[in-house]
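Enquirer: Heads up: the sequence lines are chains A and B, in that order. Residues 17 to 331 in the working numbering are what the first sequence lists, from first letter to last. Residues -11 to 299 in the working numbering are what the second sequence lists, from first letter to last.
There may be inaccurate statements among the hints.
Unchecked claim - What the simulated footprint calls covered on chain B by chain A, stretch by stretch (three residues with Cβ under 8 Å from a Cβ of chain A suffice, anywhere in the stretch; the number is not a length):
#1 157 to 164
#2 191 to 199
Claimed, not checked - Residues of chain A clear of chain B, computed beta-carbon distances all greater than 10 Å:
#3 102
#4 108
#5 135
#6 139
#7 186
#8 194
#9 200
#10 279
As the list claims (entries may be wrong) - Non-contacting residues of chain A with respect to chain B, defined by C-beta distances greater than 10 Å in every case (computed):
#11 71
#12 122
#13 215
#14 251
Derived by calculation from the structure, the hints in this document are not laboratory data. Bear in mind the structure is a predicted one, so any value in this text is a computation, not a measurement. Built from N, CA and C at the ideal position, the CB exists for glycine as well.
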Amino acid sequence: MDGPTIRIQNLVKKYGSNTAVDHLNLEINRGEIFGLLGPNGAGKTTIILSLLGLSEPTSGTTIVKGFNATSEPLKVKKVTGYLPDDVGFSGNSTGLENLVYTAMLNKIPRRKAVESAKELLSLVGLEEAGQKKTKTYSKGMIQRLGLADVMIKDPEIMILDEPTIGIDPKGIIEFLELIRNLSKEKGMTVLLSSHLLHQVQKICDRVGILVSGQLLAQGKVNELADELFGQKDTAFTAEVSPITDELIQDLSQQEEIKEVQRNGEVITMKGSREVAPLISKTIIRNNANLYRLSYKEYGLDEIYQHYFEEGTADV
Amino acid sequence: MSDIVKPFWVMVQKEIADHVRSWRFIILVALILLTTTGSIYTVLAVIQQHPAQLSANSHFLYLKLFTKSTNNLPPFITLIGFLGPLVGIALGFDAVNSERDNGTLSRIISQPIPRDYFINSKFMGALTVIIALVFALGFLVLGLGILYIGLPPAFSEFMRIVIFLAFTCIYIAFWLNLGITFSILFRQSSTSALSTLAIWLFFTVFYSMLVKFLINAFFYRQAAARPLAQLLSRISPSYLFNELTTILLTPSIRSLGGLSFRQMAGAIPSTLPIGQSLLLVWPDITALIAATLVCFGISYVLFMRQEIRAN
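Between the sequences and the hints, there should be enough to build the whole structure, so can you do that?
Expert: Now the structure itself:
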């Protein structure tokens, strides 16, 4: 099929006088992992619900695989697996029973459903737990069962709302790996939302930053950083011994190096990335030993911070 | 193809399974079984030994099983009229809000099924359980009667009992729907349980007192106020149910209100045929069905319009 798998055009959703999503445009291509990032209440869940036709937009259209999500939700839901942020299962049934139930709602015959449910349970590492009632599961297990639940209908698109919430750090890495492997194996399009940046940064092909219902930026993580911070000064840290007053003075005299400060055993400075050789040369010239020289790399955190500040400044 | 079960029936099956396995339901069924067995047993003991104690002419002995009582135990119809709504409320009060709390609601309706399947399957599942329970109970009583009395019931008796059981289901379905409606309105299942129980208590206990009080306050002559009192009473579904079932199971009752002496003159003191009894309670029947449907309609609309997200 041509064109993007998910296309959101001019989406507006208002709750009373409160605008949750404000004229949003977004396109996600086939096989891509897209991360929707934003603080709580930015409108992530609202966007996801309108993609599934579970929430009616005030205006604008959401098109998934060529189907309008508002007018043809059944066709969209057939090809889309959705993991809600507060996902739960009926506690008195086992993990396996829960998966079979979902499969049967997707018109998969029971025998085949049991077969693929077992397969998926071992894939997400719940082989043994699958026979236990889900009320005994930990949050991480629920989340993994949720992923199996999404997979059982063999979707072309996965929509995961805050999939890492409530899992311990080690579990998060495994879980995200699992998502990435599954999507690459089957060529699935993935849209995942999160307010935690570092994790998502690792597995997403592209990210979009959402603040108060508006998509402030989208693109690959490093492109976003370059775009934003390319011309800006970065912070340098140099571990030097011995640190003498002459050295500090010498560094301060260089025009390109700014805000030279002694900070215990290290010297901090600011300047563009190209001044790194100049710093090291200056230190060597002063007969000091340079143990380490590093500059700060900008990641999503800073991008996020940057936009977040802007976002709040607008309000 | 035959292997594929329609998603709606998968959901109904799941509902039924959940209800039947829940402690709440098991406890209520045990309660109903215990009380009704007690009531029926005492009646049967009397029938076996001195049937004349129950009625001079021993017509409609099987109906007496449901309406008469001895000792201090209330009769079957009173028990079922009292405990039935509790079953309905117990099955309905957390139908939607508990699924929302558990996070299963958004997961289920993101499957390729129309949104109303959810609310319809809730209703269908609980209704199936109620029908099974009520009819099982009624037929058990009949069977017990055959064992003790040794005579089969007359066809008209049987029909009256079947119709009575059917309307018991509708009556319980009314309370079920009320429970479902509140489970959509309130996010907390305790709030919805309490408010449904409050309405049930109001109608079964306090409403008749209130009507009596109002009539006493505004009318000097009781007889003149009777039609009004009856009109007011019939707003209450529990009054409707009591009136309906009493008349249905007591063929000797010939009128809803009182009859004057002039009307009574020349009347043969006999029982009414089943068709006539039904005709007598036709308004009650219509009102009860209407109330049940209206309640379901409200819950349906509320659910379809409600936002899915939890907060």
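Enquirer: Broken hints, numbered, in rising order?
Expert: Structure breaks hints 1, 2, 3, 4, 11, 12.
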